[in-house]
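Engineer: Numbering (the working numbering), first residue to last: 1 to 382.
Just so you know, these hints were derived from the structure itself, not from any lab.
Please note: incorrect hints may appear among the correct ones.
Stated by the list, open to error - Capping the alpha-carbon separation at 30 Å, the derived lysine-lysine pairs in DSS-like fashion look like this: (1) 344 with 68; (2) 72 with 38; (3) 293 with 187.
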Amino acid sequence: MLEKPDYTNSIVNLTSSIGRASGVTGPYSPLEFDSLSKLQDTKNIVLLIVDGLGYNYLREFGGDSILKKNLKESISSVYLPTTGSAITSVMTGVAPQQHAVTGWFVYLREFGLISRILPYSNTIDYNNLGVDISNVVDVQSILAGLDRDYSLVLTKTIVDSVFTKNLTGRANRLEYSGIDQFFSQIKNAIANSSNKSYTYGYWPDFDAVSHILGSRSPDAQGQFHEFDMHLNHFVESIEGTDTTIIVTGDHGFDDVDPVQVIYTQDYPELNDYLIMPFCGDTRSVYAYVRSRKSEQFERFVESTFGDACDIFPSYELVDEGWFGLFKPHPRLHDRIGDYTLIMKDGHAMMNCFPGLEPLKMLGHHGGASADEMYVPLCVIDC
């Protein structure tokens with residue numbers, strides 16, 4: 001069963017809730033949960049994103065963790081449930097329908113290339129694109145007008161990235177290395193604020209391990225429990241500070257057996273239909289199809305990959321609200337191709353480039369399974 005995002009109960013609406021508690025409003029409605037009802041009166045709001053943490057995963061592997069004990073609700077990610085699309089939504093308060101960051105690999109028609117959008121680089125060699133990112137990601141964040149002190153706690157690799165700077169404006173950006181410094185920087189942001197504050201922290205290590213070894217691997221579970229242990233100590237250390245900690249993920253995972261990964265190099269017929277490599281992510285891909293080849297491409301996908309994916313004209317997904325509500329970004333259709341292939345559970349699609357060894361990994365996301373689409377809403381009052 002394909003799970004479509006619910007843009008009244010999603011990470012976009014969570015940002016709207018934080019905005020409402022901080023003097024700003026956005027186009028998407030806030031969440032109306034009791035656990036967030038006193039957010040406006042809270043002195044310090046802390047939002048922690050555990051990259052890759054799904055709701056079902058927390059329910060299954062959370063054990064006696066502080067996160068599972070404080071799990072309040074399930075909310076949806078966005079489509080695609082992948083870091084590029086989801087983090088942009090968390091940082092702006094709008095869905096991919098408005099910001100047009102439609103995956104990890106995004107075709108930028110205006111420059112005639114496929115980008116890795118968060119590093120703001122090309123697909124092959126990671127060289128940064130030599131134009132201002134505001135020409136590509138040109139949406140205004142609802143958080144720009146917060147009436148709180150606004151801080152971000154990010155790793156060295158992204159704290160001063162062009163993507164971060166473009167979306168966070170006046171925010172105080174704090175760098176960390178390692179999980180101890182992650183929580184100490186958040187604590188510093190709270191302590192150093194004489195006004196009401198909002199602090200955003202992003203933890204990537206669970207996602208990184210899950211991609212390579214699988215989210216259900218002992219190593220990935222170890223990363224989760226290490227984060228949870230440090231979170232527990234952090235909560236104890238800030239008791240009585242009038243702080244609300246919200247923890248969620250940007251997406252979950254679907255672990256895929258390597259034999260169920262489709263590598264494009266094994267299907268040279270694709271060259272007859274596609275004008276460029278697939279875009280999107282490994283569990284949903286956008287296909288840009290040659291003129292007059294549409295019907296043949298549909299038949300090829302259904303006959304060759306029918307057990308692995310479903311195929312949809314991309315405009316239909318827009319019309320059905322997969323990418324969000326309200327008026328779409330002018331470049332949205334450019335960035336989702338002619339067709340979208342949504343992989344079935346336990347399947348993935350990987351581009352192969354001449355002269356480069358295709359990436360091998362067990363953990364995938366970007367599809368429409370419940371494990372990928374739903375993320376936890378954990379709320380801890382201190």
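Engineer: Run through the hints listed earlier and report the numbers of any the structure violates, in increasing order.
Structural biologist: 3
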